[in-house]
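A.B. asks: Here's the letter readout for the chains.
There are 4 protein chains.
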Amino acid sequence: MAARLDGEIDFVAGALSSTPEKSLQSGRDLDLPEARNYPTWRAMLEGERALPESDRIDFVSIVTPNHTHFEIAKAFAEAGFHVVCDKPLAISIEQAQELARIASDRKIVFGVTYNYSGSPMIKQARAMVQDGELGKIRKVLVEYHQGWLAERIEATGQKQASWRSDPNLSGGGAIVDIGSHAEQLVRYVTGLEIESLSANVNTFVEGREVDDDINVFLRFEGGAKGVLIASQVCVGQRNDLTLRLWGTKAGLEWRQEQPNELIIKSNDGPEQLYSRGEGYLSKSASDVSRIPPGHPEGFIEGFANVYRSIASAIRSGDSNPIHHDYPDVTDGLKGVQFINAVLESGHNDGAWTRLS
Amino acid sequence: MAARLDGEIDFVAGALSSTPEKSLQSGRDLDLPEARNYPTWRAMLEGERALPESDRIDFVSIVTPNHTHFEIAKAFAEAGFHVVCDKPLAISIEQAQELARIASDRKIVFGVTYNYSGSPMIKQARAMVQDGELGKIRKVLVEYHQGWLAERIEATGQKQASWRSDPNLSGGGAIVDIGSHAEQLVRYVTGLEIESLSANVNTFVEGREVDDDINVFLRFEGGAKGVLIASQVCVGQRNDLTLRLWGTKAGLEWRQEQPNELIIKSNDGPEQLYSRGEGYLSKSASDVSRIPPGHPEGFIEGFANVYRSIASAIRSGDSNPIHHDYPDVTDGLKGVQFINAVLESGHNDGAWTRLS
Amino acid sequence: MAARLDGEIDFVAGALSSTPEKSLQSGRDLDLPEARNYPTWRAMLEGERALPESDRIDFVSIVTPNHTHFEIAKAFAEAGFHVVCDKPLAISIEQAQELARIASDRKIVFGVTYNYSGSPMIKQARAMVQDGELGKIRKVLVEYHQGWLAERIEATGQKQASWRSDPNLSGGGAIVDIGSHAEQLVRYVTGLEIESLSANVNTFVEGREVDDDINVFLRFEGGAKGVLIASQVCVGQRNDLTLRLWGTKAGLEWRQEQPNELIIKSNDGPEQLYSRGEGYLSKSASDVSRIPPGHPEGFIEGFANVYRSIASAIRSGDSNPIHHDYPDVTDGLKGVQFINAVLESGHNDGAWTRLS
Amino acid sequence: MAARLDGEIDFVAGALSSTPEKSLQSGRDLDLPEARNYPTWRAMLEGERALPESDRIDFVSIVTPNHTHFEIAKAFAEAGFHVVCDKPLAISIEQAQELARIASDRKIVFGVTYNYSGSPMIKQARAMVQDGELGKIRKVLVEYHQGWLAERIEATGQKQASWRSDPNLSGGGAIVDIGSHAEQLVRYVTGLEIESLSANVNTFVEGREVDDDINVFLRFEGGAKGVLIASQVCVGQRNDLTLRLWGTKAGLEWRQEQPNELIIKSNDGPEQLYSRGEGYLSKSASDVSRIPPGHPEGFIEGFANVYRSIASAIRSGDSNPIHHDYPDVTDGLKGVQFINAVLESGHNDGAWTRLS
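Protein chains in written order, with the working numbering: chain A, 1 to 356; chain B, 1001 to 1356; chain C, 2001 to 2356; chain D, 3001 to 3356.
Among these hints, one or two may not hold up.
Dumping the calculated DSS-like pairs for lysine-lysine here, alpha-carbon to alpha-carbon at most 25 angstroms [unchecked claim]:
#1 C:K2159 x D:K3283
#2 D:K3225 x A:K225
#3 D:K3159 x A:K249
#4 B:K1283 x B:K1136
#5 B:K1159 x A:K283
#6 C:K2159 x B:K1249
Think of the hints as simulated: they come from the structure by calculation, not from any bench.
When you get a sec, could you build the whole thing from the sequences and use the hints?
C.D. replies: Following this line, the structure appears as structure tokens:
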């Protein structure tokens, strides 16, 4: 829905499930042309390569369970297709590094769907930090609370919960699923790199095989400090991703559940509530806004913005993510490094651990 | 964007602007096939009628200035096309009645895009009223505040402001543009019909030819009372449509700018905040929800729900609006009656005026 | 509690209930000295007059049912005592005029406890209007919703409900009890005088002898328009007094239930949230703030500010309410005129009625 | 102001500043009787002891800089006076233990003014946890953000900042000043004891001699985990103390800046907003509520509740803090243990440190 929102991207081919039968059925349900409704991703890769170049898909979008990202992305990237991959980019740092290398060698566009960074008011936040309106950043708080895994629903066969709670398929729990979103959001808005971290990794639900609650102290290059919290056992929380920053001059607050607003605070004057769509916003925020202020945009539009930036990069033939403002394979790699550092620190009772 | 959101509706033909040249250019910009990119709506009507029935458009969507709605809608409806028309349905009550008659005679689906009634939490509100959870409704407050017409921007050539502020093109100002949305929202949620009203109709901006601020007392059949306020000179307000109801058992509050929430209040217990997407909601609210709770939906999704209901009616061959839950030509007619009663009462210093 | 908050006012004498026995008992419960614990207000007046001037009470505070305000206030005022009286000042306009005359003749301080105008952020709002920061005021919305009278609790013997619902004791229902607070708040903040009004006066609860819901259109001198709504049948509302104003330059919003905040809106920049206690506020707001920002003040402090201003006037020997910023007998008179005009318009089906 | 609010406590004697001259002057400004307006706390202790027992002060309230708490409290407690002392109770654990011992030996009431635990909705929160409405507590987040020390205002002579930023007078910075409030609030509401902690202790402002930002991981007895954050460099934050808890059944949220509200969340139904003063609240919350719902109470009332509980304990002759629900010398001791553990862990790069 997000990819198609702007009418720039069509859905023309796919391998849509984990078994050939289900894949073909899903394709039919979604009106895929029979010839490009593939039983497996390997068949799809072969089939598309066999087409004249101008008839092939422009990019593949990988939305499979985490443990398969690497293999699929590698195959399509090596074949020269542009790739859009869900986070986490891969399970191991080595895998992620390999994908980054291939993307660079093949000069493809390789996007990673850190969708929250597509939100207009996040673009505004980033612009204000870049313009120095917050001063030097001192403190970062990022939280991501959900409640849907407060009980062991993976044991009941709930599909999403099942694979996400299997460490072999997911690579981890809350840290992978939501913690890595929080990490990328911080890096995107602040431009700061995490130097080291100390993590407290918990599993509250008995019998669960992955973490369901993490708390991380962050040290950034340049001296800023942060706390990142992600939990999936916070009953009653839906998708409560919140970013707060304080610099020497001003503070900033954004809540994913009210994405059209951005709050700016200082010691010198009233709190300011910025609203999406208004004329006083940065160009970067205005460019990704679709409808007038007061007409709320939501999750889908933010996600669509990531796709739109990637489409723009593909069309331009310029894969530099900075020129088109999309999260790319390097962001994906840093995400995998972050996840691994958190799990390592957690296993070492919170020892300070460098990202590498 | 809203019509295409669910992939059920394609954009296949159009007459897209007020002059043939601009129309054709717009169609090319939007990749309309040349053969169905028409210079005028009359050409479009002729062209589509000339096609074999199975190749024709399923419905026409009329999003032109208000004074043209009647003529276009009448022509397509008489030709047997299903129609989707922006509000107000027409300028005069007679025109609206004629469209209602034609729609009934031709057994077509005739939707009117009162888009706010497509919002999931508005469906929830309606369901709760119908289920008696509020008791008997006593008091209704509906407000719609905007600030964008606080100055005479129509004099600067601003396109939207220009035609909306020309009484010959629009049929009225705030009452038509936003007041009629508020009226339909109240009727949709409460199921109550307005019996009579007393209106205070103001024009604050010097030189403006239409009203820019209205305040209306409402008497409903069955004894409920209400206040409807719509203004476009409330500086700093964006699209602040708010509905509050109080019955004998509970009260209800919905704000368009936070559309994923619905507040229910009673004298007996804590205030309750209902959230879109949750399992405890009515079937009607759940059916029009696309993504999980906490992942905000917005204006586009609500609008898309109106289109989806209309598409469902068209596909089913059953034009009964109640079966498919869409605002139809009768709602459009009542809207025109409301607008006319407000303007009449306003001219008569607020005299109580019956709707007819 | 409010009067004593700043340690400037002591409670030294009283006649505390409607019968001599209950009065004396209440006085004992509150540790009043036996000699000044009076059985009736007449005994109190006599007793205090008999004391040497320097030993007498400085002022009397009248917090009795409405129908007794006039008689008691008149007696104390004529005897030269300063008076603090609850609103409404009196039942009839003639009574209120007489009290205003006596206060003027005797040069006494005569305060009326419109307590909400004592709130710091209301002082800030008034200062901003006076300084022209909102431009010329166009539109005023003031609402006061309560739910405690949604059922006929006066029939159950609830004490507050009983006398307030008896027209002979109260002079009216929602209009008197809360509507008059709303009216004074508007006048205090905007400085605008109501010229005429059209009122819709309702009684929703069967068997009730006074109004429980009023809706009023306001025309102000100078061209501003307004809507005032007060209801006591809004189930789930506690004490929801809200003031919104829009001028040519900015809008303003204050909610009594969040009294430490004031929102300022414009078309040109972000919404601004002003907070009590901050250094950027007006002198008038800062002067009545007691504790640092972020340490919430509430209802009692606002009420105490009215007492403090009155105490300051009494000490200074200068009864000019403008010098000491307290609601006085003239405000009380205007309140009675407003109440009477609303009830009159209501009886005449909403006919526009001038205040006089 | 808080102590006097209910008329149960009079201010009858004092030593009110750090030098005899200033002390005497302050006493005169506050209308203290000359005979009990003392130049020093030692003179006050002597003077009060010399009075007949029935004429003495009932208790002493110690609101001096932190490093003097121990000496003064010890002297008054040993002389058998009841004591109310600001937090922190003392600088060292040994001092705090000695005060606890003396209080126990002398059977005096020894209150510590953790004022936020006096807030009605905090009592409600505690009652709901005790009644099992949240299930078993898993996760605790408590934050306390202020911005007033974002620059080195202690260097400008600002009085509050000066002594609080001098480690010899204060014993620490943010951890002492606000972190210890957060710690007590968690213990009070949850009933959980902190077992060990890992702290990140920062000083952001150059030249500052104490911490101005702390982040602490908490492990509670019984398995709950928590994060406590306190910072005084968060520009634009006023007094942003927030407590969030999640148990197996429900979550809870309270914000000091909106103290009349308590939010309860679950996975099964709508979010619930509890309001102070309502009939559905716990007895403990109702008992400390003064005015009707919707009439906001604030900081002073919460503080007054601590004084009222202490006054009740003193009058009853029963110093058991549980019977009268006030924070006592044991809470003060735990606070000092917490402060010392945080500073120790901080010096050891976040090593997990047990409280003792």
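A.B. asks: What hint numbers does the structure not satisfy?
C.D. replies: none
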